[in-house]
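*Asks:* Sequence:
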Amino acid sequence: MSSTLLSRRDLRFLLYEWLDAPRLTERPRYAEHSRETFDDVLDLAERVAVEHFAPHNRAADTSEPVVDGGRVRMIPQVKAALQVFAGTGLLAASMDESVGGLQLPHVVSAAAFGFLQAANVSTAAYPFLTLGNANLLLAHGSAAQVDRFVRPMVEGRFFGTMCLSEPQAGSSLADITTRAEPQTDGSHRLFGTKMWISGGDHELAENIVHLVLARIPGGPPGVKGISLFIVPKVLVGEDGTLGARNDVVLVGLNHKMGYRGTTNTLLNFGEGVHRPDGRAGAVGYLVGEPHQGLAQMFHMMNEARIGVGAGATALGYTGYLKSLAYARQRAQGRPVADKDPTVPQVPIVAHPDVRRMLLAQKSYVEGALALVLYCGRLLDEEKTAPDPADRARAHLLLDMLTPIAKSWPSQWCLAANDLAIQVHGGYGYTRDYDVEQHWRDNRLNPIHEGTHGIQALDLLGRKATMEGGAGLELLLETIRATVSRAWKADGEAAELAGQLGTAVDRIAAATRRLWGSGDPTLALANAGVYLEAVGHVVVAWMWLEQLLVADAAGGGADADFYAGKRQAARYFFRYELPRTGPQFDLLDGPDRTTVDMRDSWF
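Note that our numbering gives residue 193 to position 149 of the sequence shown, counting from 1, and the numbers run on in steps of one.
Take these hints with a grain of salt, some might be off.
What the hints assert, rightly or not - List of simulated lysine to aspartate or glutamate pairs, EDC-like, C-alpha gap at most 20 Å:
no., residue 1, residue 2
1, 532, 595
2, 123, 95
3, 427, 140
4, 427, 76
Quick caveat, the hints were computed from the structure, so don't treat them as lab data.
Input sequences plus hints: build the corresponding full structure.
*Replies:* Have a look at this one:
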């Protein structure tokens, strides 16, 4: 199958020629798989995406969900597509066989899910959230909770959400006020309001399993007093049968610029509209121990952050492929050197500035996809590497890369969508072509699951300093290993290695200078610039890795493909990596401009 969602040739390159995914089948967890089963999964995912997700992408945008008599109404194609997807078993692709999973490597399942995100990111959001919810409960829930809530999610009968933010708190989770009152039967009754809850209400499944952060009265203040609860929309008996409606009420839907097919809700818990056992209060079940809710929720949040980066990548990638196809078909103008008006017009891909825009997109989206799949490979190492030291190393490196894998694709694949519109010219600004919707859909990704600024604070304020700086040192050491290999390869690879080596040294120096100021406010005021600079260096590393593989592969029938990889690497090192020079200059100050700005000066 050939589609304009993702490039299968690029996926083969990344999965098989670079990351060597088939080697994972030597490990017991993946022993039932092979490259053939990986390809079958990719084929299936692409087919479902093309035949069932992509056809209603525009309709889900133009006919967004509405509230009608307290119920959410949406176009029927969404539910039909999700039923098809549930029937494939791909929702549980990487889960244990014991809960109905396929035990597929995470790196392969991430590639497969990318097709759905590229085809229709708003419909794909429902299984995306459900998967994260189920994985959290598998890690922290009881066996009974897994049986009651996870198994129906794996089967596609229940969907899941995460309920963190509140109207008065937003991302400041220390300030949430939703309370959970203990009951004599071991359950809790929840009272409060949650805002920005994606997938918070709909009729796409039999039930919705909300994971809700709340406070048990008497607990410590701040984030240390937050607990996590399972709050189903419909109560579920111990035997799995559905019971009474829980006291969770839809207040309204938020109307978004893009990503419109995913309901985004304001929910009230414990309003008393529904009264389980004759009493107000949403029935909830504590996950794990009290006051450990935020740490538990980070299991889902970190997974979601990489998933958001993957979704941003998918939207950027499909926009690139569609603008490339348009540029090859759209005839307009003639070569600058040819002044003869009787000569036929040429496809716009022949014009150097259009090639520049396409090459920029290629460098962003293929670099981002490499980063996302590299993180998937690290997750496989963390879970299955034979040596515990290798597992620990993969965990630490993945932790370090998570804010970058979330934010860099969200920023630069959005930039790719912007260029895709520009390649289309005036047509790109109309709703007649997909690229304008891809931009609107992608604009959410720098915001949700932790804004760009929050990821920047996480990277500089937490990840770069954790374990005495061990995470940052591991990242820099891993990049330097690639630099060393490239030096030995000589030629162009060695030239690029010199540039990357210098940039890596500047990361180390900038981090020391920022924290050496002795002023955390000054250091973290520069966190956004730090994230952008480090992110660009990391993606340059991804490109040097790809260049080395392309050089080793030679040419043959795929000569053009490998030449394209090398050219995109050149572009990134010549046009993009130099952006970091002025950024590191600011960080070396460290710059006080934003800190010294006063409110009255605006």
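*Asks:* Next, verify each hint and record whether it holds.
*Replies:* Hints versus structure:
no., hint, in the structure
1, 532 - 595, "13 Å, holds"
2, 123 - 95, "14 Å, holds"
3, 427 - 140, "12 Å, holds"
4, 427 - 76, "17 Å, holds"
When held up to the earlier numbered hints, the structure conflicts with none and fits them all.
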